[in-house]
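Asks: Single-letter residue listing:
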Amino acid sequence: MQETNISAKNFEQCQKCSLCETVCPVMANNPKYAGPKRSGPDGERYRLKNGIFFEDSLKYCLNCKRCEVACPSGVRIADLIQQARIDYGRKAPKLRDMMLASTDQVGPLASAFAPLANFGLGLSPVKGLMDITIGVDRHRTLPKYASETFVHWFKKNAAAAQEGYKKQISYFHGCYANYNYPQLGKDFVAVMNAFGIGVQLMPEERCCGVAKIANGMIATATRDARINMNAFGRSVKEGRDIVTVSTTCTLTILEEYPELLKVDNSLVRDHVSLVEQYLYKGIVSGVLKPVWKEGFKARAAYHCPCHQERLGWGIFTTELLKMIPGMELIELESNCCGIAGTYGFKKENYKVSQAIGKPLFDNIMAIAPDYVACECETCKWQIEMSTGISVKNPVSILAEALDLDKTAAANR
Amino acid sequence: MKFDVIIIGGGLAGMTAATALQTSGMRCAVVAEGLSLHNASRREFCAAGGTLLAGDRVVSGRFAGDRLVAVRTEKLGDIELEAENFVLATGKYFSRGLVADMDRVYEPLFGLDVDYDEDRSTWFDPSFAAPQKFLEFGVKSPGGLAVKDGAVIANLYPAGEVLAGLSSAQGDATAAIVKSATDAANAIGRK
Chain A
0 MQETNISAKN FEQCQKCSLC ETVCPVMANN PKYAGPKRSG PDGERYRLKN
50 GIFFEDSLKY CLNCKRCEVA CPSGVRIADL IQQARIDYGR KAPKLRDMML
100 ASTDQVGPLA SAFAPLANFG LGLSPVKGLM DITIGVDRHR TLPKYASETF
150 VHWFKKNAAA AQEGYKKQIS YFHGCYANYN YPQLGKDFVA VMNAFGIGVQ
200 LMPEERCCGV AKIANGMIAT ATRDARINMN AFGRSVKEGR DIVTVSTTCT
250 LTILEEYPEL LKVDNSLVRD HVSLVEQYLY KGIVSGVLKP VWKEGFKARA
300 AYHCPCHQER LGWGIFTTEL LKMIPGMELI ELESNCCGIA GTYGFKKENY
350 KVSQAIGKPL FDNIMAIAPD YVACECETCK WQIEMSTGIS VKNPVSILAE
400 ALDLDKTAAA NR
Chain B
0 MKFDVIIIGG GLAGMTAATA LQTSGMRCAV VAEGLSLHNA SRREFCAAGG
50 TLLAGDRVVS GRFAGDRLVA VRTEKLGDIE LEAENFVLAT GKYFSRGLVA
100 DMDRVYEPLF GLDVDYDEDR STWFDPSFAA PQKFLEFGVK SPGGLAVKDG
150 AVIANLYPAG EVLAGLSSAQ GDATAAIVKS ATDAANAIGR K
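Going down the list, the protein sequences come from chains A and B. Residues 0 to 411, numbered by numbering that gives the first Met the number 0, are exactly what the first sequence covers, in order. Residues 0 to 190, numbered by numbering that gives the first Met the number 0, are exactly what the second sequence covers, in order.
A portion of the hints provided could be inaccurate.
Pairs of lysine-lysine residues, derived as BS3-like cross-links and limited to a Cα-Cα distance of at most 30 Å, are as follows [unchecked claim]:
no. : chain 1 : residue 1 : chain 2 : residue 2
1   : A       : 292       : B       : 1
2   : A       : 126       : A       : 350
3   : A       : 288       : A       : 405
4   : B       : 74        : A       : 236
5   : A       : 288       : B       : 1
6   : A       : 391       : A       : 288
7   : A       : 288       : A       : 166
8   : B       : 1         : A       : 391
9   : A       : 391       : B       : 74
Please keep in mind that the hints were generated in silico from the structure rather than gathered at the bench. Predicted, not measured: the structure shown is a model, and the values here were computed from it.
Extracted from the complex, chain A is given alone in its bound form (with noise of 0.2 Å):
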């Protein structure tokens, strides 16, 4: 049956079990939203009839895909809502969707001015005429911007050394480690080329358009799309796998490009991994041997991003700390966030989103361990501000428990 179902998405395997139902946070919390079956599997059969049957209310779903994890029938319910986004949403984004979306746009810019943007939007009359204008949520803290992106300081610091490492790859940094977080990226270099690994940037490189697929501007995520694709075809043609850090970043490239975009990625998939993958499967194969500082000691609690349960890698972190000797790692329900990437920041969305949050914040606040570790950058923003517990990609958790220049000399 499987094989000659042709329906888009798998839409036609739904059979109305609801289990996705049980598992949607923004259903529980806000009643505008009719929920995945109906928004999704339902509602598409309307939409094929006639593109009128369109809801608005699908702008509720914050794609966090936990209905494609529960669905016992493997239907894209997420995928049907983002794709009748795509197809039916007639408004044209905001000016406040556009520049939350324009991660790429507005990065170099706050960059640029970095001390003055990070002051004003931490200013509360600045906060509250958002709030006014343009609809970004007063009570929400803003990313800082770097003064330095990363990829100004790997030019400067960093890229000559790669050259004198055997094995090559190249580093998808996204948006977040360029403009927001340098020292993610600046930690991904000093444990790759610990374990004789060197690095390479792609000087292509787009926004992975994950915001932009969510705000509805799809010709600028389509055509950086393909931009990215090429670049990557570049690489794996030059013998260098693409590692990446970013797990919402990973997944809109792997399978939103196909799925929404139509941007062909089969070339390149089998070679893009996340770097927790990569060096799991490197370590656990032999060919990386990772020597830990003595003395080490962290009691840290695991938060799963949504789209790393969606990709089902979650496994490969766990893992990969828990052989971090001194490591205590205790591992969060499954629970999200609520930011959602742009979402949370949406004045409409603030509510909501923290409701959804809530019993993952109270779960990390009884458990009050020294840090929470996440992949996600944006989860990481959430849970920061609403717990006041400081989180660290895992990276820069193995930044901090290799013993650096003794793995260096064992991957010689």
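Following the hints, complete the assembly by docking chain B onto the known chain A.
Replies: The following block gives chain B in isolation, referenced to the frame of chain A:
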């Protein structure tokens, strides 16, 4: 990745076996395609340190002699999940633990031997309320172990509705499902 026990399927039978084994000190992983598992049992299993691969699906198994050595999943790709013992708790037709073609009923994951009637006309009764024979079909399990091509697999324990003679669609089979899962867990625990 190595575990003591891998449980394929996260329904009532799978989670019952998994929680019993994990709390007895074994390292378990559950591969659950779709979250049919109950929240409470999932919480208990994870709190006991169990590994849950949610939304993933076993696609193939590697056998050596009379043993299942490892399985591969859709999402972990070339990373194998190895274990000493396996529990097969994939359910019946809805969850694709069994597949019915026009001329046969089979177990799609490993091609295990299935107990069914080759005469298709006996499979169902056109009267909706009558007992339906196809619901009695399921994998063979002499001594609690699965059978493949007539040979017993020494470390693969079917449990729950994938078993022949067990179906929750006709009467309440909850107790029988839980018992089959507990039996599997006990058999593994005794090893």
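Asks: Against each hint, give a clear statement of whether it holds in the structure.
Replies: Okay, the hints, checked on the actual structure:
no., hint, result
1, A/292 to B/1, "holds, 25 Å"
2, A/126 to A/350, "holds, 16 Å"
3, A/288 to A/405, "holds, 10 Å"
4, B/74 to A/236, "holds, 25 Å"
5, A/288 to B/1, "holds, 19 Å"
6, A/391 to A/288, "holds, 23 Å"
7, A/288 to A/166, "holds, 14 Å"
8, B/1 to A/391, "holds, 27 Å"
9, A/391 to B/74, "holds, 25 Å"
The structure shown violates none of the earlier numbered hints.
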